[in-house]
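Undergrad: These protein sequence lines are chains A and B, in that order.
Each residue of the first sequence is one higher than the one before, counting from 43 in this note's numbering.
Each residue of the second sequence is one higher than the one before, counting from 58 in this note's numbering.
Each hint should be verified, as a subset may be incorrect.
One-sided and incomplete, this derived list gives chain B residues near chain A with beta-carbon spacing under 8 angstroms [stated by the list, open to error]:
(1) Leu70
(2) His105
(3) Ser106
(4) Ala110
(5) Gly111
(6) Gly112
(7) Gly113
(8) Tyr114
Quick caveat, the hints were computed from the structure, so don't treat them as lab data.
C-beta atoms are modelled at their ideal positions from N, C-alpha and C, and glycine is treated no differently.
Listed below are the residues making up each chain.
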Amino acid sequence: MTEQRAPAEGRLLVVDDDQDMLNLLANWLGNAGYTVTSALCGTDALGQIEICKPDLVITDLFMDGMDGMTLLTEIHSRNPLIPVIMLSGQAQIPDAVKATHLGTAAFLTKPVEKSELLAEVARHARTERNGATSSGFGSELIYRSSVMSELLDQAEMLAGGDITVFINGETGTGKEVLAKAIHEASPRSGAPFIGVNCGAIPEQLLESELFGHEKGAFTGATTKHDGLFQAADGGTLFLDEIGDMPLGLQVKLLRVLQDFEVRPVGSTKSVPVNVRIISATHNNLDKLVSDGEFREDLYYRLNVVPLNMPSLRERREDIGALLDHFLVRHAQKNNSKTKRFDPAALEYLTAATWPGNVRQLANAVELCVTLTKGEVIPLAMAQKALREEPGRIQTLKEAKQEFERKYLISVLRVTSGNVASAAAIAGRNRTEFYKLLGQHGIDAGAFRGEREDGAETS
Amino acid sequence: MSEKIIVQIDPDLEDLIPGFLNNRVNDVETIRSQLDSGNLDEIRILGHSMKGAGGGYGFDRITEIGDVIETAAVAGDLEVIRDAVDQLADYLARVEPVPEA
Numbered sequence: 043m044t045e046q047r048a049p050a051e052g053r054l055l056v057v058d059d060d061q062d063m064l065n066l067l068a069n070w071l072g073n074a075g076y077t078v079t080s081a082l083c084g085t086d087a088l089g090q091i092e093i094c095k096p097d098l099v100i101t102d103l104f105m106d107g108m109d110g111m112t113l114l115t116e117i118h119s120r121n122p123l124i125p126v127i128m129l130s131g132q133a134q135i136p137d138a139v140k141a142t143h144l145g146t147a148a149f150l151t152k153p154v155e156k157s158e159l160l161a162e163v164a165r166h167a168r169t170e171r172n173g174a175t176s177s178g179f180g181s182e183l184i185y186r187s188s189v190m191s192e193l194l195d196q197a198e199m200l201a202g203g204d205i206t207v208f209i210n211g212e213t214g215t216g217k218e219v220l221a222k223a224i225h226e227a228s229p230r231s232g233a234p235f236i237g238v239n240c241g242a243i244p245e246q247l248l249e250s251e252l253f254g255h256e257k258g259a260f261t262g263a264t265t266k267h268d269g270l271f272q273a274a275d276g277g278t279l280f281l282d283e284i285g286d287m288p289l290g291l292q293v294k295l296l297r298v299l300q301d302f303e304v305r306p307v308g309s310t311k312s313v314p315v316n317v318r319i320i321s322a323t324h325n326n327l328d329k330l331v332s333d334g335e336f337r338e339d340l341y342y343r344l345n346v347v348p349l350n351m352p353s354l355r356e357r358r359e360d361i362g363a364l365l366d367h368f369l370v371r372h373a374q375k376n377n378s379k380t381k382r383f384d385p386a387a388l389e390y391l392t393a394a395t396w397p398g399n400v401r402q403l404a405n406a407v408e409l410c411v412t413l414t415k416g417e418v419i420p421l422a423m424a425q426k427a428l429r430e431e432p433g434r435i436q437t438l439k440e441a442k443q444e445f446e447r448k449y450l451i452s453v454l455r456v457t458s459g460n461v462a463s464a465a466a467i468a469g470r471n472r473t474e475f476y477k478l479l480g481q482h483g484i485d486a487g488a489f490r491g492e493r494e495d496g497a498e499t500s
Numbered sequence: 058m059s060e061k062i063i064v065q066i067d068p069d070l071e072d073l074i075p076g077f078l079n080n081r082v083n084d085v086e087t088i089r090s091q092l093d094s095g096n097l098d099e100i101r102i103l104g105h106s107m108k109g110a111g112g113g114y115g116f117d118r119i120t121e122i123g124d125v126i127e128t129a130a131v132a133g134d135l136e137v138i139r140d141a142v143d144q145l146a147d148y149l150a151r152v153e154p155v156p157e158a
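With the hints as constraints, model all of the structure from the sequences given.
TA: This is how it looks when you write it as structure tokens:
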């Protein structure tokens, strides 16, 4: 065990059973300014975790005794937020895939370049600190992936100003959490953050919810009501599912955004409001605009800076950390011991498709923890949780889209990718059929030849 | 015949280099004795370690030889191992690390 003194840029634990390799890594990292603790085996490393409290661990994969993969699982069962970089002498793709599934931050092949190692360490030590502290930007967002790191960097830069932000992303990805992070890092953080789901409230009610109403403005309006714009005065108004806002209301919203004045329903006077608008949708707003379902002028007014919230499938490397986060949170909330997933369960959950994204994952963890008596959640329970997790009921439009997509794929399969025949079967002309394929991102060419698996591009 | 091989090294690693090279000299001994006793697994591990660390210390040649030794140990090719170990011994005898200015 050696300790090198260095400025407090970060504490690293380096594990390798080859003393020469350990010396080399400790030298590189120590000279780069990190405080380095070295361990010659996994058991030694686990002992050191409590003492040196590393910000990041670098471990060899193949070691006598405890291997790197087991060490990774053990470290994360103690503290899921420590990023682990894996080094391997062999570039075995299955190992790299498994390590990624188990939540490794990076997988590097030996001989490793000094610059490559330092770059990875700098990246993960930094992103993880952002994700782990409660005072940093986006502390509610758990991530290791570079895609999230870049998104948060961008969002943090935007937070300071008053610029209108538009967040696009699937349901359950955490769009509101991101919006709130932007609000909290902004000069408006002392004023309210108010979120409203534009798709969940009927048009008539939404108008009075947003803009308020006068007493007697309509049947049942027995008192004067300040709308959400006024309630959020000085702060941020988060308009979720903006794509579902009825057209009639879109024009009224546009007027507010132009003048920053609201006129409550039944009133003749406008009230000035000072709010920052963050809007979000899971819909393709470009398409809604081209279909005439969303006003183009409002679109440009809202979409000043677009941020894209990735789906969980696009940030699979975060799944391990998210699972651990929700396990720890559940234990803290219930004052109980933190449970953990069996490695097979972890692998299963990491490979799952997660159509409901982080929200679905949080629900699945809740279900697993509640139904598991022991400390370790087995594979069968994880499978059960994903099967039984009540799926979000699709909107009619989503269901139609899904059906249409499946239908197009099956027709193309039957015709082996021949678009003319497929169009004839579908009762559409070829131009229309191509348009449909384009809308669904389906490549007819992928169905030509011997392919039976219906490969598509999307 | 025994011409020196000058290798530029990272000055930060200067203190570690003699120990690293000395360990490789020991490896030569170990591999030769393991060749006699046929313990290929031990040889494979030594080759693997050399491959992983050699280039990092500035000795790409050691990484190359380590790779050959590891691969040959997996394949059970004693001739190739013997030849590689001779090359390693020769390299170690001639190499002269010089800190980069």
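Undergrad: Hint by hint, say whether it matches the structure.
TA: For each hint, the structure was consulted:
no., hint, result
1, Leu70, "6 angstroms, holds"
2, His105, "5 angstroms, holds"
3, Ser106, "5 angstroms, holds"
4, Ala110, "5 angstroms, holds"
5, Gly111, "7 angstroms, holds"
6, Gly112, "4 angstroms, holds"
7, Gly113, "5 angstroms, holds"
8, Tyr114, "6 angstroms, holds"
The structure fails none of the hints (numbered hints given earlier).
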